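Undergrad: Read off the chains here:
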Amino acid sequence: MTIGTNESRRRLTRRGFLRAAGLGTVGLAGAALIGCSSSNDETATATATSAEGTATAAATEAPGTPAAALGSADVLGVWGDEELTKFKDMVKPWEDQTGGTVEFTGTRDLTAILTSRVEGNNPPNIAIPAEIGLFRQFAAEGKLASLADLGIADLVQSTYPQGFVDLGTEGGTPYAFFMKADTKGTIWYNPKVFAANNWKPLTADSTWDDLMTLSTTIRDAGMAPWSVGIESGGASGWPGSDWIQQILLNVHGAEAYDGIISGTIPATDTVMKDSWEKFGAIVLTEGFTVQGGATGANATGFEPATFPPFDAEPTAAMTYLGGFAAGFIKTQFPDLVPGEDYDFMPFPGGGVTGGANIVYAFDSDETTKSLMAYLASGAAQQVWVDAGGFTSVSSDVSLDSYPDPVSKGLAEQLSGAKLFRFDLDDAIGGDFQSAYFTGITEYLADPSKLDGILEGLEQLRVT
Amino acid sequence: MIGRRWWTPWMWMTPALALVSVFLVYPSLDTLRRSLLDERSKAFVGLDNYRFIVENPQPLVADTHQALLTNALWLVVFTGLTVPFGLLLAVLTGRLRYEAASKSAIFIPMAVSFVAASVIWRFMLDFNPDIGTFNAIVTRVGGDPVAWLQDTGLGPVGGIGPLQLNNLMLMLIGVWMWTGFALVVLSAGLKGISSEVIEAARVDGATERQILFRIIIPILRPTIIVVTTTLLIYAMKIFDLVWVTTGGRFGTDVVSTLFFKQAFINRDFGVGAALAFILLAAVVPLMAISVRRFQAEEERA
Amino acid sequence: MTTTRSASSGHRVTWWQRLPLHAVVIAVVVLWSIPTLGLLVSSFREPSAIASSGWWQAFTHPDQLTLANYERVLGEQGMGRAFVNSLLITVPATVLVILVAAHAAYALAWMRFPARGLIFLVIVGLLVVPLETTLIPVLRLFSHTTIERELPLLGGNVFGTASYTGMWLAHAGYGLPFAVFLLRNFFVSLPRDLVEAAHLDGASDLQVFWRVILPLSLPAIAALAIFQFLWVWNDLLIALVLLGDPTLAPMTLKITNLVSSFGTSYQVLTAAAFLSMALPLVVFFAFQRFFVQGMLAGAVKG
Numbered sequence: 001m002t003i004g005t006n007e008s009r010r011r012l013t014r015r016g017f018l019r020a021a022g023l024g025t026v027g028l029a030g031a032a033l034i035g036c037s038s039s040n041d042e043t044a045t046a047t048a049t050s051a052e053g054t055a056t057a058a059a060t061e062a063p064g065t066p067a068a069a070l071g072s073a074d075v076l077g078v079w080g081d082e083e084l085t086k087f088k089d090m091v092k093p094w095e096d097q098t099g100g101t102v103e104f105t106g107t108r109d110l111t112a113i114l115t116s117r118v119e120g121n122n123p124p125n126i127a128i129p130a131e132i133g134l135f136r137q138f139a140a141e142g143k144l145a146s147l148a149d150l151g152i153a154d155l156v157q158s159t160y161p162q163g164f165v166d167l168g169t170e171g172g173t174p175y176a177f178f179m180k181a182d183t184k185g186t187i188w189y190n191p192k193v194f195a196a197n198n199w200k201p202l203t204a205d206s207t208w209d210d211l212m213t214l215s216t217t218i219r220d221a222g223m224a225p226w227s228v229g230i231e232s233g234g235a236s237g238w239p240g241s242d243w244i245q246q247i248l249l250n251v252h253g254a255e256a257y258d259g260i261i262s263g264t265i266p267a268t269d270t271v272m273k274d275s276w277e278k279f280g281a282i283v284l285t286e287g288f289t290v291q292g293g294a295t296g297a298n299a300t301g302f303e304p305a306t307f308p309p310f311d312a313e314p315t316a317a318m319t320y321l322g323g324f325a326a327g328f329i330k331t332q333f334p335d336l337v338p339g340e341d342y343d344f345m346p347f348p349g350g351g352v353t354g355g356a357n358i359v360y361a362f363d364s365d366e367t368t369k370s371l372m373a374y375l376a377s378g379a380a381q382q383v384w385v386d387a388g389g390f391t392s393v394s395s396d397v398s399l400d401s402y403p404d405p406v407s408k409g410l411a412e413q414l415s416g417a418k419l420f421r422f423d424l425d426d427a428i429g430g431d432f433q434s435a436y437f438t439g440i441t442e443y444l445a446d447p448s449k450l451d452g453i454l455e456g457l458e459q460l461r462v463t
Numbered sequence: 001m002i003g004r005r006w007w008t009p010w011m012w013m014t015p016a017l018a019l020v021s022v023f024l025v026y027p028s029l030d031t032l033r034r035s036l037l038d039e040r041s042k043a044f045v046g047l048d049n050y051r052f053i054v055e056n057p058q059p060l061v062a063d064t065h066q067a068l069l070t071n072a073l074w075l076v077v078f079t080g081l082t083v084p085f086g087l088l089l090a091v092l093t094g095r096l097r098y099e100a101a102s103k104s105a106i107f108i109p110m111a112v113s114f115v116a117a118s119v120i121w122r123f124m125l126d127f128n129p130d131i132g133t134f135n136a137i138v139t140r141v142g143g144d145p146v147a148w149l150q151d152t153g154l155g156p157v158g159g160i161g162p163l164q165l166n167n168l169m170l171m172l173i174g175v176w177m178w179t180g181f182a183l184v185v186l187s188a189g190l191k192g193i194s195s196e197v198i199e200a201a202r203v204d205g206a207t208e209r210q211i212l213f214r215i216i217i218p219i220l221r222p223t224i225i226v227v228t229t230t231l232l233i234y235a236m237k238i239f240d241l242v243w244v245t246t247g248g249r250f251g252t253d254v255v256s257t258l259f260f261k262q263a264f265i266n267r268d269f270g271v272g273a274a275l276a277f278i279l280l281a282a283v284v285p286l287m288a289i290s291v292r293r294f295q296a297e298e299e300r301a
Numbered sequence: 001m002t003t004t005r006s007a008s009s010g011h012r013v014t015w016w017q018r019l020p021l022h023a024v025v026i027a028v029v030v031l032w033s034i035p036t037l038g039l040l041v042s043s044f045r046e047p048s049a050i051a052s053s054g055w056w057q058a059f060t061h062p063d064q065l066t067l068a069n070y071e072r073v074l075g076e077q078g079m080g081r082a083f084v085n086s087l088l089i090t091v092p093a094t095v096l097v098i099l100v101a102a103h104a105a106y107a108l109a110w111m112r113f114p115a116r117g118l119i120f121l122v123i124v125g126l127l128v129v130p131l132e133t134t135l136i137p138v139l140r141l142f143s144h145t146t147i148e149r150e151l152p153l154l155g156g157n158v159f160g161t162a163s164y165t166g167m168w169l170a171h172a173g174y175g176l177p178f179a180v181f182l183l184r185n186f187f188v189s190l191p192r193d194l195v196e197a198a199h200l201d202g203a204s205d206l207q208v209f210w211r212v213i214l215p216l217s218l219p220a221i222a223a224l225a226i227f228q229f230l231w232v233w234n235d236l237l238i239a240l241v242l243l244g245d246p247t248l249a250p251m252t253l254k255i256t257n258l259v260s261s262f263g264t265s266y267q268v269l270t271a272a273a274f275l276s277m278a279l280p281l282v283v284f285f286a287f288q289r290f291f292v293q294g295m296l297a298g299a300v301k302g
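Chains as they are written, first to last, in our numbering: chain A, 1 to 463; chain B, 1 to 301; chain C, 1 to 302.
Treat the hints loosely; a few may be bogus.
Examples of chain C residues lying across from chain A (beta carbon under 7 Å, computed) [what the hints assert, rightly or not]:
| # | residue |
| --- | --- |
| 1 | Pro62 |
| 2 | Leu139 |
| 3 | Gln207 |
| 4 | Thr256 |
| 5 | Ser260 |
| 6 | Ser261 |
Per the computed footprint, the stretches of chain B lying under chain A, defined by three or more beta-carbons under 8 Å from a beta-carbon of chain A, are [as the list claims (entries may be wrong)]:
| # | segment |
| --- | --- |
| 7 | 5-19 |
| 8 | 251-264 |
It is worth saying that the hints were derived from the structure and are not from the lab. Just so it is clear, the structure is predicted and the values come from calculations on it, not from any experiment. The C-beta atom is built at its ideal place from N, Cα and C for all residues, glycine as well.
Required output: the full structure, derived from the provided sequences and hints.
TA: Encoded structure:
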């Protein structure tokens with residue numbers, strides 16, 4: 001068996017090989033030097049700015065300005081793209097003032113990465129995830145620095161609503177505070193379309209029946225009343241969970257809601273079953289959704305599902321999603337005017353569920369303490385509020401500072417809700433949450449399986 | 001032979017053995033250890049985790065049966081398509097002047113990262129016919145849009161176990177990515193077949209098909225086995241593609257994605273480790289087959 | 001009627017008899033390239049366009065096209081450094097795995113020692129270990145062995161978490177099974193007489209390795225280099241978990257920072273994918289001619 005042209009291969013001698021390797025290494029070293037020098041330039045500029053910054057201690061009074069320049073803080077979070085840009089703008093004053101740097105890594109697989117790094121003994125300084133399941137475990141295992149350790153216990157206690165303070169407390173000790181809150185009690189609609197057809201938007205005092213009546217009216221007038229999409233990669237089903245918890249809170253009340261979270265009411269109870277079925281009615285009733293039934297809902301992403309009411313030729317009247325939908329609509333349709341072309345109506349019943357990013361720290365060294373104090377302050381959050389797309393729960397941020405009527409409305413809904421509860425599946429977390437989402441997609445595909453699904457969920461609560 | 005000290009081979013092997021022990025063997029042993037402990041790896045629970053996998057009591061959270069079956073389907077479909085496809089393309093492109101160009105075009109998907117591949121295939125398979133290429137074609141010929149990545153059945157009919165439309169689509173993406181690999185390897189092997197043999201067969205009146213099956217494939221057997229082995233093992237631990245595209249939702253879970261969810265999201269290291277260990281153990285029969293081949297080779301040498 | 005000599009035989013075929021061959025291959029190539037083309041086209045579109053219409057519509061609406069996505073990715077703060085980081089991680093990892101695997105493969109192919117068959121099979125069998133299972137144990141190990149001193153010239157720690165050395169060793173370790181598989185099979189196929197003649201001339205193992213085996217094996221090594229390069233360059237998970245220091249982050253990591261927490265920044269992902277693909281493709285085309293011959297003997301002998 002011939003191995004081909006031995007001759008030609010031998011021409012590539014060792015000398016040639018080494019020469020290529022040598023060139024490669026030189027090129028690599030050169031690139032490294034260039035890379036190093038450019039990053040040295042960045043550090044040089046930063047030190048210069050911080051020197052000036054400390055002298056002009058601007059309007060931002062971050063509590064506890066240290067004497068010496070701080071090091072870098074390793075922050076792990078979920079934000080990317082625009083959100084990350086705004087976060088960076090938010091921490092810039094801190095960096096200028098203290099000389100520290102914030103190294104932010106954003107990843108959607110935050111839970112996995114956080115778990116690995118904590119298990120592997122290499123946690124970040126600060127974590128800003130969106131769900132609190134891991135937080136509870138970490139706090140219970142003593143891996144976190146308490147707010148007292150960080151020196152901000154009083155700050156948080158005095159400027160945050162008690163509900164949020166309690167949420168950030170585990171075993172009696174407060175460990176975390178919340179930023180970037182989101183309300184999930186918003187139904188988005190096109191005011192112009194509603195006005196043109198003489199449909200009345202719902203109010204906080206409306207009932208679920210009012211919602212169904214409105215939907216039927218719209219359907220009979222020839223437009224699909226709803227746009228529903230619950231696809232979201234590995235977390236598909238979560239928009240459905242938002243629907244269900246809103247229904248649970250408003251139709252069945254706060255006690256039912258709390259009971260489900262604490263486990264005193266089993267997941268198989270009628271309050272839960274009824275909430276699921278009401279959600280099912282929205283998706284499965286003939287002609288109710290523009291995507292068309294369960295297949296459409298399961299296959300449409302949650303972000304594209306917010307578009308149909310605001311297309312040039314609207315194909316749906318309403319879509320339900322949390323406050324962050326405003327961001328999607330604005331990006332997709334940059335010419336629309338908030339409040340006139342798109343607005344939200346409160347979920348019937350006035351009860352509001354919501355979520356927020358929770359912020360906690362794994363250690364309490366100088367840099368971490370300073371950064372945590374800054375992030376918790378109203379001054380920091382004001383920066384992001386001004387940039388748009390951020391709702392703060394700190395009382396240091398005034399309602400009037402929101403840039404447009406929609407964001408102001410969202411903040412008002414959060415702070416003024418007569419009934420507020422944290423997102424249900426986020427509050428329970430763990431494998432219950434992932435089973436919950438899966439269950440929703442399965443329920444839509446086959447509604448007769450509901451009892452089995454709820455039983456499966458209840459089993460998870462018990463174990 | 002050459003006068004060698006007994007420790008010479010070991011000197012040559014040491015760096016490799018060291019690296020492999022640290023990064024592959026030690027974690028595998030750690031996995032075995034964790035598979036016998038509870039979720040937080042504190043208490044000994046014996047075979048409880050394995051029993052969990054066998055009994056599958058919580059399909060909503062972790063459907064172990066479905067994951068195992070889906071992985072088995074991957075072994076069959078993914079490898080079963082990629083290898084013959086690669087071989088066919090190797091034979092066909094070998095006869096063309098623009099061989100290098102066509103091979104490169106088919107190899108390019110391998111250079112694309114998994115994230116990018118999943119993005120583009122999401123565009124291809126999107127449910128909305130205005131966006132999704134496949135559905136655009138389907139609706140243009142009068143059909144209804146198909147939920148390619150979410151459908152747990154087979155279009156109009158229900159699925160049979162792991163035989164679901166979305167699983168098949170994921171495998172299709174896998175084939176798209178890895179055929180280039182099979183193509184290049186097999187094509188190189190093809191070059192080693194002397195043209196006189198083929199020429200002689202043609203002169204004797206053999207058809208192309210006979211040449212393919214009676215001459216090419218038998219001579220290429222070792223190459224085919226290498227490619228098949230690599231792809232089989234890859235199919236066993238397939239993770240990135242499934243995770244980034246569907247996250248294991250809608251019945252597309254495989255053992256690796258289930259491990260990931262259990263270990264890193266539900267923080268149940270016990271079951272996660274047991275799943276991983278099953279994968280490790282499953283390769284042993286494959287290696288056992290290789291032993292025979294290896295010994296045969298040893299005889300020859 | 002023109003006739004052509006087919007490449008692999010002297011047999012005369014008419015051009016129209018070869019038409020089906022051309023048709024099939026061209027059809028396959030076109031079909032194969034459609035998704036990549038879609039990716040390329042999408043990278044030039046605005047996010048609102050991507051979310052509302054299919055990528056093929058960009059051809060009929062050329063006004064939609066924009067360079068904004070590329071600007072966004074290239075202009076991202078630290079992207080240049082991230083590119084360098086990717087190089088700093090990938091190149092040494094590739095060189096390392098080749099060197100280590102080549103030595104081991106040589107021993108496995110050309111030296112007789114007890115249990116060599118078993119060792120070879122175990123190494124190859126380790127191909128099945130899923131990466132994700134190794135993350136926590138390795139991270140633990142790294143965090144216990146971290147040397148906090150700064151590595152001169154390159155940055156990062158000398159060893160452990162947040163170190164380039166840690167990444168090189170990890171990637172080399174993960175790549176070894178396939179590398180040893182490939183190289184050992186290739187070495188076994190080289191002609192014995194060459195090696196024996198060298199030994200008879202008095203060459204030691206090292207000399208035979210460097211002067212005879214390696215030069216002849218450049219094709220296989222090129223093939224291995226391409227695969228390893230590709231694989232390390234596109235890696236995200238290992239960097240996320242084991243590196244833990246954003247200043248050392250490779251491009252893949254930087255790119256995740258461009259994706260919103262909802263994961264739907266497709267316009268950025270498409271542009272980033274192409275930018276990220278550029279270098280590996282260059283490497284592929286550069287090494288290509290070795291590549292084709294490369295897998296050859298190693299594969300044939302199996």
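Undergrad: What are the numbers of the hints that this structure violates, sorted from low to high?
TA: 1, 3, 7
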